[in-house]
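Protein chains in written order, with the working numbering: chain E, 1 to 178; chain A, 1001 to 1165.
Think of the hints as simulated: they come from the structure by calculation, not from any bench.
Quantities reported herein were computed from a predicted structural model and do not represent experimental measurements.
Beta carbons are placed, not taken as given, at the ideal position from N, Cα and C, and that holds for glycine.
Some hints here could point you the wrong way.
Cβ-Cβ distance ranges computed for the label pairs, FRET-style [what the hints assert, rightly or not]:
1) SER1096(A) - PRO153(E): 40 to 48 Å
2) LEU1158(A) - ILE152(E): 43 to 51 Å
3) SER1096(A) - ARG67(E): 29 to 37 Å
4) GLN86(E) - LEU1158(A): 36 to 44 Å
5) ASP18(E) - THR1031(A): 52 to 60 Å
6) ARG67(E) - ARG1074(A): 24 to 32 Å
7) GLY1153(A) - PRO153(E): 31 to 39 Å
Listed below are the simulated DMTMM-like cross-link pairs for lysine to aspartate or glutamate, each with C-alpha atoms no more than 25 Å apart in a straight line [stated by the list, open to error]:
8) LYS55(E) - GLU1002(A)
9) LYS61(E) - GLU1027(A)
10) LYS61(E) - ASP5(E)
11) LYS13(E) - GLU1073(A)
12) LYS13(E) - GLU1025(A)
13) LYS1081(A) - GLU51(E)
14) LYS55(E) - GLU1065(A)
15) LYS55(E) - ASP7(E)
16) LYS55(E) - GLU120(E)
17) LYS61(E) - GLU1073(A)
18) LYS55(E) - ASP65(E)
19) LYS11(E) - GLU1073(A)
20) LYS11(E) - ASP1020(A)
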Amino acid sequence: MNEADLDLIRKAKRGHLDAFTRLVHNYQNFVYRTAYGILRQPTDAEDVSQEVFLKVHQSLKQLRDERTFPTWLARITVRTAIDWKQRSSNQRAGPLDETRLATLHDPRDAAVHARLELHEALMRLTPLQRTVLVLRELHGLGYEEMAEVLGIPVGTVRSRLHNARAQLRAHLDEERGG
Amino acid sequence: MECTAVEPRLSAYMDGEVADAERIEIEAHLTHCDGCAAVYHALLHEAAAIRADLLSVNVPSTMAERVLQAIVERHRTVQAKRLAVVYAVCVLALVSAMVWTLTTAVGRFVHASTRLFLAALHSTVLFLSTSGAAWTIGVMVLCGVLAGLSIFGAVRILRSSEVTA
Chain E
1 MNEADLDLIR
11 KAKRGHLDAF
21 TRLVHNYQNF
31 VYRTAYGILR
41 QPTDAEDVSQ
51 EVFLKVHQSL
61 KQLRDERTFP
71 TWLARITVRT
81 AIDWKQRSSN
91 QRAGPLDETR
101 LATLHDPRDA
111 AVHARLELHE
121 ALMRLTPLQR
131 TVLVLRELHG
141 LGYEEMAEVL
151 GIPVGTVRSR
161 LHNARAQLRA
171 HLDEERGG
Chain A
1001 MECTAVEPRL
1011 SAYMDGEVAD
1021 AERIEIEAHL
1031 THCDGCAAVY
1041 HALLHEAAAI
1051 RADLLSVNVP
1061 STMAERVLQA
1071 IVERHRTVQA
1081 KRLAVVYAVC
1091 VLALVSAMVW
1101 TLTTAVGRFV
1111 HASTRLFLAA
1121 LHSTVLFLST
1131 SGAAWTIGVM
1141 VLCGVLAGLS
1151 IFGAVRILRS
1161 SEVTA
């Protein structure tokens, strides 16, 4: 995180709405991609992102060390997304369904097909398994940082990540007919 | 190291989360075990695919606008609730004061004192009226100042302090 972001956070903590707006612009992809990675639904990810920024606006003053903002933001996003998933029992159609139909008609598009397979395999994981994958692969967090974000021991992070990857590979093999 | 011991550790090895001695053992195993090497390369490939998939997703352009609208909306709701609480407290205080003045000895004393004060005020006004309409203008100016202060206060309550900041 650079000095400009730290300055924005300090100003936003003092109630400057302009600074908070710029903070939203700077971190909206961070939040949205995290939420999408956990939920795999664009509309849900959008709603969760909005809820996350409202929570951030409400509780930013409680953040003591501005340098921990990304970890703090990741923690809020993960918890909000998982709570959201638990609240919504209905499973709506995935965002790649239309792409899938197109792919079935055009099996030569290997990249789209591979992305579809990955999406389907990720959908079959639990939200907690997807969470560790997102924190590791997207944000590149270390195991200790992930443990801090998720509020679980490092050993649990290690085993959850291993299980998630093993299950993902098994699902991908099934998708490929292996 | 056997395959059964290496394979569960490949995930942590890929993330650089194993001790040096363990890392050296795993690397030595991968050089001669095609099966574990294949699993390791699959892990690397899948990690890259997940990252690429997530990075290809972009937030809708209206997100920041939606967030700001929601913040302003919530602020208005909170301010309206606070104003309602202030009014309710005022009404409650007024009713309590009325009941108090009518039911207690101290209240009756305050009531009598107030009537005495008002009578004194009334006589003062009558006295001032002998000096013409100047006092009326003075009272009107005072009322105007009070009304202005009330309007200013109400606007301050209703406006978002953050927007003005």
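A quick look at each hint next to the structure:
no.: 1; hint: SER1096(A) - PRO153(E): 40 to 48 Å; in the structure: violated, 56 Å
no.: 2; hint: LEU1158(A) - ILE152(E): 43 to 51 Å; in the structure: holds, 45 Å
no.: 3; hint: SER1096(A) - ARG67(E): 29 to 37 Å; in the structure: violated, 51 Å
no.: 4; hint: GLN86(E) - LEU1158(A): 36 to 44 Å; in the structure: holds, 37 Å
no.: 5; hint: ASP18(E) - THR1031(A): 52 to 60 Å; in the structure: holds, 57 Å
no.: 6; hint: ARG67(E) - ARG1074(A): 24 to 32 Å; in the structure: holds, 28 Å
no.: 7; hint: GLY1153(A) - PRO153(E): 31 to 39 Å; in the structure: violated, 54 Å
no.: 8; hint: LYS55(E) - GLU1002(A); in the structure: violated, 49 Å
no.: 9; hint: LYS61(E) - GLU1027(A); in the structure: violated, 47 Å
no.: 10; hint: LYS61(E) - ASP5(E); in the structure: holds, 15 Å
no.: 11; hint: LYS13(E) - GLU1073(A); in the structure: holds, 19 Å
no.: 12; hint: LYS13(E) - GLU1025(A); in the structure: violated, 49 Å
no.: 13; hint: LYS1081(A) - GLU51(E); in the structure: holds, 21 Å
no.: 14; hint: LYS55(E) - GLU1065(A); in the structure: holds, 16 Å
no.: 15; hint: LYS55(E) - ASP7(E); in the structure: holds, 20 Å
no.: 16; hint: LYS55(E) - GLU120(E); in the structure: violated, 31 Å
no.: 17; hint: LYS61(E) - GLU1073(A); in the structure: holds, 20 Å
no.: 18; hint: LYS55(E) - ASP65(E); in the structure: holds, 17 Å
no.: 19; hint: LYS11(E) - GLU1073(A); in the structure: holds, 21 Å
no.: 20; hint: LYS11(E) - ASP1020(A); in the structure: violated, 44 Å
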